[in-house]
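Student: Respectively, the protein sequence lines represent chains A and B. Going by the working numbering, the letters in the first sequence line up with residues 4 to 160, in that order. Going by the working numbering, the letters in the second sequence line up with residues 2 to 441, in that order.
Honestly, the hints are just simulated from the structure, not real lab data. Treat the hints with care, since some could be wrong.
To be verified - Only some residues are given here: those of chain B computed to face chain A with a beta carbon under 7 Å: (1) G85; (2) F194; (3) S244; (4) R333.
Unchecked claim - In silico contact screen, one side only, chain B against chain A (beta carbon under 10 Å); selected entries: (5) F87; (6) K88; (7) K133; (8) K164; (9) G251.
By construction, the Cβ of each residue, glycine as well, lies at the ideal position given by its N, Cα and C atoms.
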Amino acid sequence: MEFKFSEENLQKIEQILKKYPTKQAAVMPVLYIAQEQNGWISKEVMIETASVLEMNEEDVFGVATFYTMYHKKEMGKNHIQVCTNVSCMLRGGYQIYDAVKEKLGLDNGEVSTDKKFSLEEVECMGSCGTAPMIAVNEDYFENLDKEKALQILDSLN
Amino acid sequence: MEKIVLPEIENFHQLDVYLQNGGYEAAKSAFKQTTDQIIDTVKKSGLRGRGGAAFSAGLKWSFMPKNNDKPKYLCVNGDESEPGSFKDRQILERNPHQLIEGTIIACYAIGAKSAYIYVRGEYHKWIKLLQKALDDAYEKGFVGEKMKETFATDFMCNIYVHKGAGAYICGEESALMNSIEGQRGYPRIKPPFPAQNGLWGNPTTINNVETITNIPPIIKKGWEWFSAIGEPKHPGTILFGVSGHVNNPGVFELPSGTLLTDIIYKYAGGVIGDKKIKCVIPGGSSMPPLRGDQLEGVKMDAESLKAVGSAIGTGGVMVMDEDTDLVRVLARIAKFYYHESCGQCTPCREGTGWMLKILNRIVRGEGTKKDIDLLVTIAKNIEGNTVCALGDAAAWPVKFMIERFRVEFEAIVKDEVSLEPKNKVHSMRKTANPIAPVQV
Ligand SMILES: Cc1cc2nc3c(=O)[nH]c(=O)nc-3n(C[C@H](O)[C@H](O)[C@H](O)COP(=O)(O)O)c2cc1C
Ligand code: SF4
Ligand code: FES
Numbered sequence: 004m005e006f007k008f009s010e011e012n013l014q015k016i017e018q019i020l021k022k023y024p025t026k027q028a029a030v031m032p033v034l035y036i037a038q039e040q041n042g043w044i045s046k047e048v049m050i051e052t053a054s055v056l057e058m059n060e061e062d063v064f065g066v067a068t069f070y071t072m073y074h075k076k077e078m079g080k081n082h083i084q085v086c087t088n089v090s091c092m093l094r095g096g097y098q099i100y101d102a103v104k105e106k107l108g109l110d111n112g113e114v115s116t117d118k119k120f121s122l123e124e125v126e127c128m129g130s131c132g133t134a135p136m137i138a139v140n141e142d143y144f145e146n147l148d149k150e151k152a153l154q155i156l157d158s159l160n
Numbered sequence: 002m003e004k005i006v007l008p009e010i011e012n013f014h015q016l017d018v019y020l021q022n023g024g025y026e027a028a029k030s031a032f033k034q035t036t037d038q039i040i041d042t043v044k045k046s047g048l049r050g051r052g053g054a055a056f057s058a059g060l061k062w063s064f065m066p067k068n069n070d071k072p073k074y075l076c077v078n079g080d081e082s083e084p085g086s087f088k089d090r091q092i093l094e095r096n097p098h099q100l101i102e103g104t105i106i107a108c109y110a111i112g113a114k115s116a117y118i119y120v121r122g123e124y125h126k127w128i129k130l131l132q133k134a135l136d137d138a139y140e141k142g143f144v145g146e147k148m149k150e151t152f153a154t155d156f157m158c159n160i161y162v163h164k165g166a167g168a169y170i171c172g173e174e175s176a177l178m179n180s181i182e183g184q185r186g187y188p189r190i191k192p193p194f195p196a197q198n199g200l201w202g203n204p205t206t207i208n209n210v211e212t213i214t215n216i217p218p219i220i221k222k223g224w225e226w227f228s229a230i231g232e233p234k235h236p237g238t239i240l241f242g243v244s245g246h247v248n249n250p251g252v253f254e255l256p257s258g259t260l261l262t263d264i265i266y267k268y269a270g271g272v273i274g275d276k277k278i279k280c281v282i283p284g285g286s287s288m289p290p291l292r293g294d295q296l297e298g299v300k301m302d303a304e305s306l307k308a309v310g311s312a313i314g315t316g317g318v319m320v321m322d323e324d325t326d327l328v329r330v331l332a333r334i335a336k337f338y339y340h341e342s343c344g345q346c347t348p349c350r351e352g353t354g355w356m357l358k359i360l361n362r363i364v365r366g367e368g369t370k371k372d373i374d375l376l377v378t379i380a381k382n383i384e385g386n387t388v389c390a391l392g393d394a395a396a397w398p399v400k401f402m403i404e405r406f407r408v409e410f411e412a413i414v415k416d417e418v419s420l421e422p423k424n425k426v427h428s429m430r431k432t433a434n435p436i437a438p439v440q441v
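Could you put the whole structure together from the sequences, leaning on the hints where they help?
Tutor: Right, dumping it as structure tokens:
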């Protein structure tokens, strides 16, 4: 599908470019803007980003695929991230992960057919002292147990 | 005990409260001194980096070339992705202005006109909080063009927040610079070091968020005051983040050299259910783990931890009780490093995969005694043979976990299986590697 930055976002990009001495340096923030507008980083998004920043398409591909927070496919409206790294694991991170998997019927990286949920097993999120945790899109939910995690899923629409 | 980095003052994150408590006074007094004086003060204070390697901050600053027309840069490292580390987040939330003020002073000292504060992408909320504080500081003229007037100086600097996007390796300083430049986060081969050839090929200093947040109080109260706190060789307070099987996990700001057992029992409320401790990783997942019987008398500072065969790292203390399955813990740690290896060097890219594969086999009960030795061999072959320290970070936990907890591994592996092949394999040459490539 074709992708063009919205007028508003082009203005945002203008502002971002002022932060860096090169256009290429803006690629990460610009990819974030693109992801916000488009929902995910499609091939067309990368091509348009390359053109706006006067970069090689390969270089934009390289960056977009290197970083896990740029989604290379359409994710669910609620992107559920469950941390299973050590500090969470010690306090039940895997119980939560298994329960969430079962409830959503999804495996790592999958998206539900109604596009409402997607699931990702993530590495340490910096909530080890308030473990275990899940994140829904950009929000952290901490000090959880299995029941609380499932309640959070129930509350999402 | 006085808190230097996280003062217990309500709403300290707000600019007006920060100002009521002497905020931006340190910057004011810094601009009345020469840059050499500032660097000298930081050197004498003994402040060491809080990002992992505990390198002298003042010494690092002094490496920045002086009479040189190239633009200079400061990067403040808030990537904070080492498992078990969650301290910089506290600073971003509760004390962003002291971080900003420290950044201003550091920029002045090294002659940088631009600073990038690199914060991990998952910290959306904390990036917003930091950006808000930064906007306020700009508005009140503490940063940017207006600071010349505010501080009556001809120096000015800009501070920008750069948001990461989910890659642990970008915490490594040269990968971090590549990331800011808009490239993949591949670490660079050193030398050249950042002070010569950093961001866009220009002289650059990289410091951790907590390191920089210590600067304003040092400038305000003097190096004598700071160097007298805690252990003389690693002075100041340290943010210890305690996680795992403790009653009261969290971040505790304590003098360096505080006893590890005090951190666990006095501050973090002891072990859940009064169980015994089997293992503690004292500084984030890359650091060598300690056995429960190794903890008595251990002080938390770089030198003391080195003496007992571990390291201070990020001060992230991970506590595991007597019932913890350490083989599974190690397999999880191995999974992390396999996932985060950038793939540039063969020993790290392949070795992390092999170690994970073997550990998973052991967890499934299909490992053999030989596997245990094989793990150690692989770890030793990674260590020291890679471009960046992620290789060592992946190797250490394996090497030391097995060295210190070998019985745990031996208990679940099978005795030797016969290596005689069932069907005879005719091979023209010996295979170079005994292990198959990893499939994921
Ligand atoms: C794989 C890897 C990850 C790292 N991650 C971080 C990090 O998230 N934050 C940090 O401050 N330092 C991190 N470091 C250390 C930095 O390379 C660098 O030494 C540090 O930011 C310097 O700051 P300091 O001297 O103030 O400690 C990491 C190092 C490696 C090898
Ligand atoms: S040691 Fe690992 S993470 Fe570091 S540069 Fe080499 S492959 Fe990349
Ligand atoms: S281990 Fe889960 S947040 Fe750190």
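Student: Hints first: check each against the structure and report whether it holds.
Tutor: Outcome of the hint check:
no., hint, in the structure
1, G85, "5 Å, holds"
2, F194, "21 Å, violated"
3, S244, "4 Å, holds"
4, R333, "6 Å, holds"
5, F87, "4 Å, holds"
6, K88, "9 Å, holds"
7, K133, "16 Å, violated"
8, K164, "7 Å, holds"
9, G251, "5 Å, holds"
When each numbered hint is compared with the structure, violations occur for hints 2 and 7.
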